[in-house]
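Sequence lines, in order, name chains B and C.
If you read the first sequence in our numbering, its first letter stands for residue 1, the second for the next number, and so on.
If you read the second sequence in our numbering, its first letter stands for residue 1, the second for the next number, and so on.
Calculated directly from the structure, the hints in this document are not laboratory data.
A few of these clues could be false.
Copies of one chain are not kept apart here, so a pair can be met inside one copy or by any two copies together.
Only pairs whose alpha carbons sit at most 25 Å apart, straight line, appear in this in silico DMTMM-like list of lysine to aspartate or glutamate [what the hints assert, rightly or not]:
id, residue 1, residue 2
1, Lys236, Asp384
2, Lys41, Glu91
3, Lys236, Asp38
4, Lys154, Asp167
5, Lys393, Glu252
6, Lys393, Asp239
Given the structure is predicted, the values throughout are model-derived calculations rather than measurements.
2 protein chains.
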Amino acid sequence: METIRARIDGGFWHTYQALVRERVLPYQWKAMNDEIPDVPKSHSMQNFRIAAGQAGGSYEGMVFQDSDLSKWLEAVGYVLMDDPEGASALEEHAREAVGLIAAAQQPDGYINTYFTVKEPGRRWTNLRDAHELYCAGHLIEAGVSMFRGTGDRKLLDVVRRLADLIDATFGVEKGKIRGYPGHEEVELALIKLYRLTGERRYLERAQYFIDERGREPSFFDLEAEAPGFVSIFGAKPLDYYQAHAPVREQREATGHAVRAMYLYTAMADMVLETGDPSLREACDGLWESTTDRKMYLTGGIGASAVHESFSADFDLPNDTAYAETCAAIGLFLFASRMVRIHDEARYADAMERCLYNGILSGISLDGERYFYVNPLEVVPAVCDANGTYQSVKYRRRPWYGCACCPPNVARLLASLGEYVYHLQGDVLYADLYHEGALSAEVGGASVTIRQKTGYPWTDTVTFDVEPVSPMEFTLALRVPAWCRTPSLSVNGRPVEEAAGADGYVRMRRTWRNGDRLVLTLPMCAQRVAADPRVRADYAKVAIQRGPLVYCLEEEDNGPVLFTIRLPSSAPLTVAERPDLLGGVVTITAAGTSPAPGSSGGGLYGVRGHDHPLIDRPLLFIPYYAWANRAPGEMLVWVRE
Amino acid sequence: METIRARIDGGFWHTYQALVRERVLPYQWKAMNDEIPDVPKSHSMQNFRIAAGQAGGSYEGMVFQDSDLSKWLEAVGYVLMDDPEGASALEEHAREAVGLIAAAQQPDGYINTYFTVKEPGRRWTNLRDAHELYCAGHLIEAGVSMFRGTGDRKLLDVVRRLADLIDATFGVEKGKIRGYPGHEEVELALIKLYRLTGERRYLERAQYFIDERGREPSFFDLEAEAPGFVSIFGAKPLDYYQAHAPVREQREATGHAVRAMYLYTAMADMVLETGDPSLREACDGLWESTTDRKMYLTGGIGASAVHESFSADFDLPNDTAYAETCAAIGLFLFASRMVRIHDEARYADAMERCLYNGILSGISLDGERYFYVNPLEVVPAVCDANGTYQSVKYRRRPWYGCACCPPNVARLLASLGEYVYHLQGDVLYADLYHEGALSAEVGGASVTIRQKTGYPWTDTVTFDVEPVSPMEFTLALRVPAWCRTPSLSVNGRPVEEAAGADGYVRMRRTWRNGDRLVLTLPMCAQRVAADPRVRADYAKVAIQRGPLVYCLEEEDNGPVLFTIRLPSSAPLTVAERPDLLGGVVTITAAGTSPAPGSSGGGLYGVRGHDHPLIDRPLLFIPYYAWANRAPGEMLVWVRE
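Same shape as in the complex, but just chain B (with noise of 0.2 Å):
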């Protein structure tokens, strides 16, 4: 698979990597170095000084945190790729951490400052809790993003060497332990790894891991019961690492919503190298299983804190909801992988779900803040009473103790450029629509392809092809499926052209230079319904206009929002505010409540006397934005 890359230059999404590298990285950076007052301590950095031997003290931290200093990484490799002059603070904290981490790679190559620092001698003894191989997948990550990025080579021989050690240290040969990592991601890194060196021991190593998973008796069982084995988080059954068949068998979403998402990613990569045909329907199984029976609207997964992890079909509560901002990331990055196996644009879909809603809504407009988990339904009297809603908050965090979400958000939207587009052969595939421009080689030759539009607000992509000679290929345009009406126009004309069943609509021609196509997804204010077996959803509608998700909150509505009904036959009008919440479009209708004071006598009462009800004007606004005011309720699905 090449990665093809688009620079966004403009509109939504620019706005959002301005943001990432003007503040969220440099805010990150400080966080990791124990800067900012008044948030749990990271450590990250100080215990890779430890490590290095340039400073003296323990480690602290969860046993990964090794780990956001590499997605923060990574997300700097990718802020250097599209800007490589306007970030030259960022490079140069960068390079050093690079060289902390090149000081604290052990001669053999091993890198992991906990076991370096914490537990000498203990290296590889736990691989179900200690996410050492994680923690080493997070490091390769950034040091093939820092290599695209810089074009040094520093950070990348580090990994190989890492990524050599572990070549050396796992798999089914003798001497070789037999084991495979309790949180997936080394999988994924070690095939990105092979994509940009070639080696194909590391997609040897890859397909290893994937392959010993779930393997009879139970890795983690034998290794449970060595001598002086330390449990670090107690051990779980055995589908919360995803380990308890085969992946080949495996067809539900099962586990920690987390790991189950690296692997899949993971798998769905590998059939992109192999084809192998048994693990591509395991992926379209974990796919549909995910997606059509255990997925929120907004694309979070994992309906339950208790172990972060999936829930049975249609179990998708809007209050205890976990829907980790992790998680829809990772969701986000399967359904990536997915849509270059099939090119079928419900999977892009799936990715503009997850990254207009359940993923940025783990970032605030200020880019300081952070949700680790994301509900659909927040009253914060509830949430501060009752601690069946321990991990609800309903104002994001300046930093957690257990940080994975912050930098995961960094690196995801620094790294948008690789998702605009996939080829296919002669065919590009235009799967989101983020304003920047791409050049490629395409059918042997370059382009340039131009994309300017307003979404999410506005409905017009425009495409300005820009190829060095004429060239024929195929354009093919993502109509996502909440559009009913696309149209879409060359050079001025209008094009009667359909969009398939794959969900694209295609464009076949000899492109020549200025040549406009002008693709056109009116966005009206729907109401949504869910399938009638998702409990917490039923009777009621949400709110969506083109990609992004709505809600409603206190701030605009007032309280006790869950008493509000939005009349079927109640019009949904669109506004522009450019006043609100950095600009967004604002839907209003007109809804009813129970008058206030007309609940009666007594707690509970015999029915009769039907409550009246007066008119209340609702105001919703995008999911994405919500607690960015004052804390107060917040609610996607009403009554209908």
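Given the coordinates of chain B, assemble chain C onto it according to the supplied hints.
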């Protein structure tokens, strides 16, 4: 307060009391002797054997394991009060247990097998966690009950020595520990012991424990700072123990619901003894907080599994409900004291609400399976898959590692005779409609009152009044709040007498032997609505008939119960079903549900296609009887 005790000798509760005597208590005896296979081990009796020096081995079980046996003994005492001849096997077991307890008593009066066996020398060093005074309280209650049931002083003498030790150990006086229990119970037990013995020291020590709670600085903080303090359950917020403020300042029901109820019960007991106005005000405030804002329709309380505690006002989730059986029992006890303070029927209404619903649901129809948690909505697949529901079971269990509830239900059901009437001067209040006979002194003369009723199935309650000679007094009969059209006759002649504002209809006359008073409380099936601030019940109704809350079960109604709508116009039809669930009255109605297969395409779809509805005949059964057949869904609150 004089206890006047009716002997229940027929009808609904007689059947249950026979079950308690014939099956429940023998079964629980086996459980406490570890004679039931495949259930969590109790070790209660064995701990006493070890403490008494009659067996070797080590302590096992919860730190408060002793209390299981005490509650069981208390229950046996009640059984023997009603039926001194018919329970000889139980009496023999009880004698064995009492002998062991006496043998386990230390020379200074101390009894607690955990500390005697496992932590000698650490007595009274962790009042916060170790439940020593809680266990002492239950043992004192057992001693009082066993004496009343048998006339044998043996256990009473044992517990008096324990109470004397507690009196000598705790208090404001120099040299005493100025502490109070982390789990209330000893307070109400000491008041009970005072009432039996007339020994004021016990009342005063209860007063001390009540007054001391919540004083600053917190005793629990001081205790935890002591050298060598060993935490058992970890520090919790002070309101978990109702120790966040002096009890007289408390107006909101907070923290662990069972703890709260046992405290409030003791406070109300103290008001009955002393008339203390500030304590009465606190009781009133806490009562309102509990029953006006934090109580399930079933009388269940404690909405949150986390800390088994109260949540915010009106936060009463049906599916993640905790509603521990013991907490409903505690509310019953609190209510039974409040009705004696205020002589208002609404408190007895609450007793009835708890008894017929949230308490009785805690025990299976065969008496050998128990619920700890009593949800109002259950979807088994969700309970199995989503850890948020980990405490919610859909099958009653044969025993629990923490087995507080099973013997608590047993003692409550065995004690019911104490709660049928209460006496205030020469007014005899009939609070509960349980068939049986009361012999009491009213206004200085003896009277027997025989109550006959098919309650809760039928609507007539007959009182045959049998004074030893003609005597004037008032009989005040509770008119439950659910009854709109009560009627009364005396000796066959209708009486036009409405209930007063206190909810009692009063008959004052000179009663002669043979007088018959008939109260009719028409029971129609009713729709009940919750205060609209209860999010979980909004736009839903529950069905009630008489004191019984009803529910739908999958067994009768098929799955996906949450999709059911019960139109407000649908008639509710009542039917006697002697064949069903030990004989119940069912309610049927015509509901609707989406047609099977009408889910449309995909998990989320643009709204437009309304789901076609199909008729769905509904069968409601009494809530208490749920989960006695095949496991399946259950639902109390139905969409209207």
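Hint by hint, work out which the structure violates, then give me just those numbers in ascending order. No numbers; nothing is violated.
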